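Student: Protein chains in written order, with our numbering: chain A, 359 to 450; chain B, 175 to 815.
Calculated directly from the structure, the hints in this document are not laboratory data. A quick note: this is a predicted structure, and the numbers were derived from the prediction, not measured. Here a beta-carbon is modelled for each residue, glycine too, at the ideal position from N, C-alpha and C. Any given hint might turn out to be false.
Partial selection, computed: residues in chain B whose CB lies under 7 angstroms from chain A [claimed, not checked]:
hint, residue
1, Tyr702
2, Ile787
3, Gln791
4, Phe792
5, Glu796
Listed next, the in silico PhoX-like pairs over lysine-lysine satisfying Cα-Cα at most 20 angstroms (straight line) [said to hold, decoys possible]:
hint, chain 1, residue 1, chain 2, residue 2
6, B, Lys685, B, Lys707
7, B, Lys425, B, Lys455
8, B, Lys785, A, Lys442
9, A, Lys431, B, Lys501
10, A, Lys387, A, Lys431
11, B, Lys707, B, Lys612
12, B, Lys455, B, Lys398
13, B, Lys272, B, Lys344
14, A, Lys416, A, Lys394
15, A, Lys442, B, Lys398
16, B, Lys550, B, Lys753
17, A, Lys442, B, Lys794
A few chain A residues that don't get close to chain B, going by computed Cβ distances all over 10 angstroms [what the hints assert, rightly or not]:
hint, residue
18, Glu388
19, Asn426
20, Lys431
21, Glu444
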Amino acid sequence: MNYQKNWWVVYFENPSGSSLNFTIENHSKETAFNYKIMGDENILEEKNISIKNNRQQKINIDPVAFENIPERKITIIITDGNNKKEIYKILN
Amino acid sequence: MAFYLSVGIVLFLPGYVFLLAVFGKKKIFGNIKKLIISFAGSIILIDFLMLLLGKAGISFTRFSILATIGLFTAVCLAIYCFRKKQSEDETQENKLDKFSKNQAVAIIAIVVLTILIKTFYLTDTILPSSTDLGHHMYWSKMISETGKIPDYVQKDIVSQDGNFIIGSAKPISDFIIGEHLIFSAISLISGIGYISYFPVIVLYLINIFGILGIFILALRLFEKSRHSKNIAILSLFLIGPIFAIAPPQSKYTGGGVIGNTIGNLLLPLTFYFYVRAFREKNAFFLFVGLLFSMGLFYTHHLTALLFLMVFALTVVFSLLNNFKDIKNLVVSWLKMIFSAPVISFLVFAGLFALFVYTPTYLQNQAVSTVIGEAVKQEHQGLTLTQFKFTVGEPRLAFGIIGIIILGIIFWKHRKNQIEYHFIILFSWILLIALIALKPDLVGVSIPSARIANYGVYPLSILAAFGFMYVFSRLKNDGGLFIKKSLLFPALILVSTFVIFSGSYDNAQNAKKTADPQKVVETFHASQYASARKDQFQQILHDHIYLTADSWIKLFFMRDYNFPIYRANLDRYENGIDRKETCTLSMISNPDSPESIKCFENLKINGIIVNKKIDEPQFRKTENFWQIYSSEDVNIYYRPQL
Chain A
359 MNYQKNWWVV
369 YFENPSGSSL
379 NFTIENHSKE
389 TAFNYKIMGD
399 ENILEEKNIS
409 IKNNRQQKIN
419 IDPVAFENIP
429 ERKITIIITD
439 GNNKKEIYKI
449 LN
Chain B
175 MAFYLSVGIV
185 LFLPGYVFLL
195 AVFGKKKIFG
205 NIKKLIISFA
215 GSIILIDFLM
225 LLLGKAGISF
235 TRFSILATIG
245 LFTAVCLAIY
255 CFRKKQSEDE
265 TQENKLDKFS
275 KNQAVAIIAI
285 VVLTILIKTF
295 YLTDTILPSS
305 TDLGHHMYWS
315 KMISETGKIP
325 DYVQKDIVSQ
335 DGNFIIGSAK
345 PISDFIIGEH
355 LIFSAISLIS
365 GIGYISYFPV
375 IVLYLINIFG
385 ILGIFILALR
395 LFEKSRHSKN
405 IAILSLFLIG
415 PIFAIAPPQS
425 KYTGGGVIGN
435 TIGNLLLPLT
445 FYFYVRAFRE
455 KNAFFLFVGL
465 LFSMGLFYTH
475 HLTALLFLMV
485 FALTVVFSLL
495 NNFKDIKNLV
505 VSWLKMIFSA
515 PVISFLVFAG
525 LFALFVYTPT
535 YLQNQAVSTV
545 IGEAVKQEHQ
555 GLTLTQFKFT
565 VGEPRLAFGI
575 IGIIILGIIF
585 WKHRKNQIEY
595 HFIILFSWIL
605 LIALIALKPD
615 LVGVSIPSAR
625 IANYGVYPLS
635 ILAAFGFMYV
645 FSRLKNDGGL
655 FIKKSLLFPA
665 LILVSTFVIF
675 SGSYDNAQNA
685 KKTADPQKVV
695 ETFHASQYAS
705 ARKDQFQQIL
715 HDHIYLTADS
725 WIKLFFMRDY
735 NFPIYRANLD
745 RYENGIDRKE
755 TCTLSMISNP
765 DSPESIKCFE
775 NLKINGIIVN
785 KKIDEPQFRK
795 TENFWQIYSS
805 EDVNIYYRPQ
815 L
């Protein structure tokens with residue numbers, strides 16, 4: 359999976375449930391990542407993380423922290439400075 | 175190391191010991207021929223051994239396959255040891271196998287150049303990505319995982335009472351067992367996984383041996399000519415380094431066109447054995463020829479059909495050629511047919527087909543779909559220009575010259591002897607040209623371009639003969655037609671044209687096919703979904719824009735049609751291939767009423783698509799969660815609403 363070493367990926371650990379835990383897998387030369395958790399247009403959490411090449415970082419989101427927010431669409435936006443990727447769930 | 179060792183055990187040992195058992199210690203084959211025939215023979219023998227093993231109810235495992243090969247080797251060696259040493263046949267073959275120093279250098283240079291060009295192209299395609307190879311490797315993996323001969327079935331979307339459902343399993347006629355067993359055997363013995371370089375490497379080897387097969391066939395066909403070796407070397411050149419990538423060469427290797435590639439190895443060698451059998455009136459050659467023919471029928475129906483037609487035409491032409499002495503000819507053939515090796519083989523083949531394994535295309539009456547009027551546009555024949563580009567202009571030009579000259583020679587000598595080399599080559603190219611250009615005349619419905627690709631093999635031999643004949647005659651009697659001083663420049667000019675055409679074709683075909691990173695991304699997304707397969711009831715993926723998508727099913731191994739997929743658009747338009755539009759609509763317009771019904775009926779809750787092409791329509795709706803995102807691949811989840 360580290361072939362050609364110029365890509366990275368983000369995904370929810372649990373596709374079907376309401377869990378927002380996600381993982382960034384890094385197969386690129388970039389090591390500095392930033393993620394934002396958005397509730398609709400609002401930033402709910404933001405953090406910088408470092409992930410070495412060919413490593414992955416699992417980020418656990420505390421479910422209690424987002425339990426009572428009004429926003430339905432929770433989007434996780436990750437950037438490496440140049441590229442941006444996002445994943446989202448639309449929760450009831 | 176384990177992989178290469180298993181290649182030796184699976185693709186050399188059975189064929190080699192079989193040759194020893196059949197021909198004993200006679201030096202009938204030189205070392206190159208032994209290597210090529212052992213390789214091709216092994217493909218056939220492994221198929222038959224595994225089919226017998228499967229019929230006996232023994233599961234395919236590393237141990238069972240190795241034990242079977244070991245037992246077969248022991249039996250063959252025992253037969254070999256019982257045969258007396260015979261050396262009376264040494265002279266003829268040794269003469270054909272002795273090359274001058276220049277010829278040997280030319281052969282080595284051509285083979286090395288061929289390998290270099292093909293390797294250069296395949297470097298980019300070594301990562302498994304092609305659609306056909308993915309389809310085939312699903313079955314090979316199925317054989318490895320279940321340890322059994324597979325039922326070639328798939329489940330399609332069907333309409334029932336106004337709803338869509340995944341129907342019951344229906345037979346597929348597109349696959350033949352001989353395309354899959356060798357890969358299963360190698361994987362089981364070596365432990366190597368299918369999503370690796372190994373399938374392409376095996377196909378690459380088969381392709382190289384197929385080219386060498388043309389070399390030994392040309393050598394045998396023209397054995398009576400003093401130029402036989404030069405014709406064979408030139409044939410090798412015309413099929414090797416030039417036009418080395420275009421189909422049916424490396425494009426077929428990288429593209430995973432397994433049946434055709436094996437067929438292109440077996441067909442020339444089948445002719446080789448028949449030529450030797452009928453010329454030398456040797457029942458053992460006929461026995462091996464029949465075995466190779468049977469191998470074709472268990473590996474590739476199209477090549478087998480072509481072989482059958484060429485063989486029938488060859489028999490008819492041979493009888494016509496020797497009409498006055500037809501009784502003696504038929505008696506000599508019957509003597510061979512009613513010999514112990516041939517009769518015992520025919521009994522074996524009959525019992526095998528009836529009680530061990532009948533090829534799927536015979537069980538499903540798929541043959542009837544090939545016979546008759548061509549309906550699909552791509553079956554309705556090529557233009558002469560398309561045919562010329564498919565087989566290569568210089569090969570066609572010199573091939574036509576070759577067949578005309580051979581025809582004249584045949585006509586002159588028709589009363590003296592049977593010119594098998596002309597009859598086979600003529601029948602071979604005549605049928606290919608007819609089916610490719612005017613399929614209605616023959617009454618078959620086969621993709622015209624695919625059948626035209628077969629033409630490169632007989633045309634390479636014919637072109638080599640034509641080239642050699644023209645220049646050797648000009649060299650000897652040239653004064654009548656051309657000044658001797660101009661002969662060399664003319665040779666250079668023509669050679670330049672041949673090399674330039676072939677190299678230009680290589681350059682055109684050497685374009686990158688699949689971006690390795692995109693392939694890896696598809697595999698990663700598949701791995702992600704398969705690791706969470708309990709959360710996906712049914713998955714849909716795209717075929718049009720996803721790279722290496724046909725390999726996704728290898729991560730699940732639930733059904734040949736799992737995940738279901740959106741096919742190329744023309745498949746929905748021609749009214750033949752796709753009779754439903756759910757798979758098209760669910761990706762192209764996921765929020766439409768039709769799509770919503772399809773999603774609900776089919777219980778699809780996972781969708782894998784190309785991010786850059788198909789993201790917008792999924793983002794527009796709130797019915798999907800974007801749960802996975804890489805550079806090129808997105809996965810969507812459709813929750814229960």
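Student: Hint by hint, note whether the structure agrees.
Tutor: Verification of the supplied hints:
A least Cβ separation of about 6 angstroms between B:Tyr702 and chain A falls short of the 7 angstroms threshold, and the interface hint therefore holds. Taking 7 angstroms as the C-beta cut-off, the interface hint given for B:Ile787 is violated, the closest approach to chain A being about 16 angstroms. With its C-beta approaching chain A no nearer than about 15 angstroms, B:Gln791 sits outside the 7 angstroms limit, and its interface hint is violated. Restraint check, B:Phe792 versus chain A: the minimum CB separation of about 11 angstroms is more than 7 angstroms; hint violated.
With 7 angstroms as the threshold, the beta carbon of B:Glu796 comes within range of chain A, its nearest partner Cβ sitting at about 5 angstroms, so the hint holds. As the CA atoms of B:Lys685 and B:Lys707 are separated by approximately 36 angstroms, the hinted pair breaks the 20 angstroms bound. A hinted pair counts as satisfied when its Cα atoms are at most 20 angstroms apart, and B:Lys425 with B:Lys455 does not qualify at roughly 39 angstroms. Restraint check for B:Lys785 and A:Lys442: satisfied, since their Cα atoms lie roughly 13 angstroms apart, inside the 20 angstroms limit.
As the CA atoms of A:Lys431 and B:Lys501 are separated by approximately 88 angstroms, the hinted pair breaks the 20 angstroms bound. Between A:Lys387 and A:Lys431 the CA atoms are separated by roughly 31 angstroms; this puts the pair beyond 20 angstroms, and the hint is violated. As the CA atoms of B:Lys707 and B:Lys612 are separated by approximately 50 angstroms, the hinted pair breaks the 20 angstroms bound. With a C-alpha separation of about 16 angstroms, the suggested pair B:Lys455 and B:Lys398 falls inside the 20 angstroms cut-off, and the hint holds.
For the hint linking B:Lys272 to B:Lys344, the alpha-carbon distance of about 55 angstroms lies beyond 20 angstroms, and the restraint is violated. For the hint pairing A:Lys416 with A:Lys394, the CA-to-CA distance comes to about 15 angstroms; that is within 20 angstroms, so the pair holds. With a C-alpha separation of about 71 angstroms, the suggested pairing of A:Lys442 with B:Lys398 is violated against the 20 angstroms cut-off. With a CA separation close to 15 angstroms, the supplied pair B:Lys550 and B:Lys753 stays within the 20 angstroms bound.
Distance hint between A:Lys442 and B:Lys794 is fulfilled; the C-alpha atoms sit about 19 angstroms from each other, no more than 20 angstroms. Distance check for A:Glu388 against chain B: the nearest CB is about 12 angstroms away, which clears 10 angstroms, and the non-interface claim stands. Against chain B, the non-interface label of A:Asn426 holds: every CB pair exceeds 10 angstroms, the least being about 21 angstroms. Under the 10 angstroms C-beta cut-off, the non-interface status given to A:Lys431 relative to chain B is violated; the minimum distance is some 8 angstroms.
Not every beta carbon of chain B lies more than 10 angstroms from that of A:Glu444, the smallest distance being close to 6 angstroms; the non-interface claim is violated.
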